[in-house]
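Chemist: Next come the chains, spelled out residue by residue.
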Amino acid sequence: MIQLTVNGKTEKLDVSPEMPLLWAIRDTLGLTGTKFGCGVAQCGACVVHLDGEAVRSCVTKMSRAEGKNVVTIEGLSENNDHPAQKAWQEIDVPQCGYCHSGQIMSAAVLLRENPNPSDQDIDDAMAGNICRCGTYPRIRKAIHLASEMQGKSRT
Amino acid sequence: MIYKQKTNLMSTKTKFILIAVILISTIGLAFTVSLRKSIEKEYIVITPVKKDSAASVAAFKQVYKVLMSPRCLNCHPKGDIPLQGDNSVVHSMQPKRGKDGKGLYAMKCSNCHQAENSPGLHTPPGNPEWHLPPADMKMVFEGKTAHELAKQLVNPELNGHKDLQKLIAHADDGLVKAGWNPGKGRTVPPLTHAQFKKAWITWLQTGAYAPAK
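Order-wise, the sequence lines are chains A and B.
Residue numbering for the first sequence follows UniProt numbering, beginning at 1 and increasing consecutively.
Residue numbering for the second sequence follows UniProt numbering, beginning at 1 and increasing consecutively.
Source of the hints: derived by calculation from the structure; they are not laboratory data.
Keep in mind it's a predicted model, so treat the numbers as computed, not measured.
Be aware that a few hints might be false.
[To be verified] Here are the simulated SDA-like pairs of lysine to any residue, each with C-alpha atoms no more than 25 Å apart in a straight line:
no.	chain 1	residue 1	chain 2	residue 2
1	A	61	B	127
2	A	141	A	74
3	B	108	A	8
4	B	138	B	64
5	B	197	B	152
6	A	61	B	186
7	B	138	A	138
8	B	108	A	138
9	A	68	B	152
10	B	177	A	40
11	A	61	B	181
12	B	108	A	152
13	A	86	A	33
14	A	141	B	92
15	B	102	A	140
16	B	108	B	182
17	B	102	A	63
18	B	108	A	52
19	B	102	A	62
20	A	141	B	94
21	A	61	B	183
22	B	99	A	114
23	A	61	B	197
24	A	61	B	131
25	B	99	A	127
26	B	65	B	138
27	B	78	A	18
28	B	99	A	42
29	B	108	A	18
30	A	61	B	129
31	B	184	A	18
32	B	99	A	138
33	B	102	A	33
[What the hints assert, rightly or not] Coverage of chain B stretches by chain A, computed from C-beta distances (three or more under 8 Å per stretch; other residues unrestricted):
no.	region
34	116 to 129
35	143 to 149
Positions of the beta carbon are idealized from the N, C-alpha and C atoms, including for glycine.
Modelling step: build the complete structure from the supplied sequences, incorporating the hints.
Modeler: Dropping the structure here:
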C-alpha cells in the first residue's frame, strides 16, 4: 500500500512503487484532467504539483510520491477559480486543449514564485510545456492577466 | 690554568654561536609559517606526497579527457543552459540554471530528472542531486584548455571553495559517479571511474601542476 495525499484527500493505493504517478492519478483514481503526452518528460502535458513542485508525473514513480502532497488540475482551486484558470478562460487560450492542464499547473508554480513575471520569466518557466496548436502567445498573455488578477485579489 | 681559561673562552663562543643559530632558526620558522598562512588564504596548499611535475601533468591529461567528456562537460556549460547528449547540444526546452543551479519555476531539474535513471532509450537520466553549479560559482568546463581547467580546479574562488581534501573526496561525489551510469543511449567517460580517481588523486598529490598553455 502506498499512501499519499491527492487534492487534499489521503489515498492508500495498492499499486507498484515502480508505477508512474500519472498512471495512479488517471487509472487508479480516475482523475483524467492530467494528460499523457510523450511518457518521457519531454512535453509537459502530465505536470502535477508534488509538494508544490511542477513534476512530470509520467516519469515520477509512486515510490517518490509516497507520503507526499499531490495536486492535480482538479485540485488546483476549489471552484476552478485559480487566477491562471480564470485568465485562461478570459483569453480563451486553448485550441485543442490537450496540453493545457499541464500548462496551467506550470503557470501556477511560476505565479507563486514570481507574482509579476516578465516575458522572459514566462519563457523560462514555460519552455518545457509544448503546445502543438501553437497557443504560446495566448499563454503568455494569460499569464500576464493572471498575474494582474492575483495582484488585485491580494490587495 | 691557561688551558682552563681557553676552555672557558671556547665555551662562551660556542654559546654565542648556538644562541645565534637558534635565533635565526626561530625567525626563519616564524617567517615561513606566516608566509604559508598568507598563501593558504589565496591558494590551496597542496602537500604533495612527492612533487613530480611530469607525473602530475601526465595524470591531468587523463583527468582532462574525462572532464571534457559529455558526461561531465554537459553540466558545466559556458552559458546558463545545460548541454545534453553525446554531441553536447543545448538542452531541449532550454532549462535555466537558476540561482542555486537547480532550475527555475516549473523548470527545476528534479521535475524531470528523478532519483534514478528513467527506463528507456534517451529518457531523462537521474540522480537525487541533479543540478548545475550555482549562479555565483559556475565552474565552467566548456571551452577551457587543460591549462585553464587545471588552474581553475585548484583555485578555491573558482572551484566551489574546495580544499585538497574536498577535491580528493569529490571524485566519489554521487553526481560525479553518475557520469558512469548515464542511462541508455549515452556513452560513459573514456576512463573507468577507478582509473579517473587514480589519475585525479595522482595529479593532486604530485603537486597539481597545470599542463603548459
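Chemist: Is the Cα-Cα distance between residue 184 of chain B and residue 18 of chain A 25 Å or less?
Modeler: holds, 18 Å
Chemist: Need the status of pair residue 102 of chain B, residue 140 of chain A: alpha-carbon distance at most 25 Å?
Modeler: Since the Cα atoms of residue 102 of chain B and residue 140 of chain A sit roughly 24 Å apart, the hinted pair holds (cutoff 25 Å).
Chemist: Are the Cα atoms of residue 108 of chain B and residue 52 of chain A separated by 25 Å or less?
Modeler: holds, 12 Å
Chemist: Hinted pair, alpha-carbon criterion (25 Å max): residue 61 of chain A, residue 183 of chain B. Please report holds or violated.
Modeler: holds, 17 Å
Chemist: Is residue 61 of chain A close enough to residue 186 of chain B, meaning Cα to Cα at most 25 Å?
Modeler: holds, 22 Å
Chemist: Holds or violated: are the alpha carbons of residue 99 of chain B and residue 138 of chain A at most 25 Å from each other?
Modeler: violated, 28 Å
Chemist: For the pair we were handed, residue 99 of chain B and residue 42 of chain A, check the Cα-Cα distance against 25 Å.
Modeler: holds, 23 Å
Chemist: For residue 68 of chain A and residue 152 of chain B, compute the direct alpha-carbon distance and say whether it is at most 25 Å.
Modeler: With a Cα-Cα distance of about 41 Å, the restraint between residue 68 of chain A and residue 152 of chain B is violated, given a limit of 25 Å.
Chemist: Can the restraint linking residue 78 of chain B and residue 18 of chain A be considered satisfied, given a maximum Cα separation of 25 Å?
Modeler: violated, 36 Å
Chemist: Just to be careful, I want the Cα atoms of residue 99 of chain B and residue 114 of chain A compared with a cutoff of 25 Å; is the pair within it?
Modeler: holds, 14 Å
Chemist: With a cut-off of 25 Å on the C-alpha distance, tell me whether residue 141 of chain A and residue 92 of chain B pass.
Modeler: OK: residue 141 of chain A and residue 92 of chain B at ~24 Å, within 25 Å.
Chemist: Compare the distance between the alpha carbons of residue 61 of chain A and residue 131 of chain B with 25 Å, and conclude whether the hinted pair is satisfied.
Modeler: holds, 20 Å
The structure fails to meet hints 7, 9, 12, 23, 27, 32, 33, 35 from the earlier list, while all remaining hints are met.
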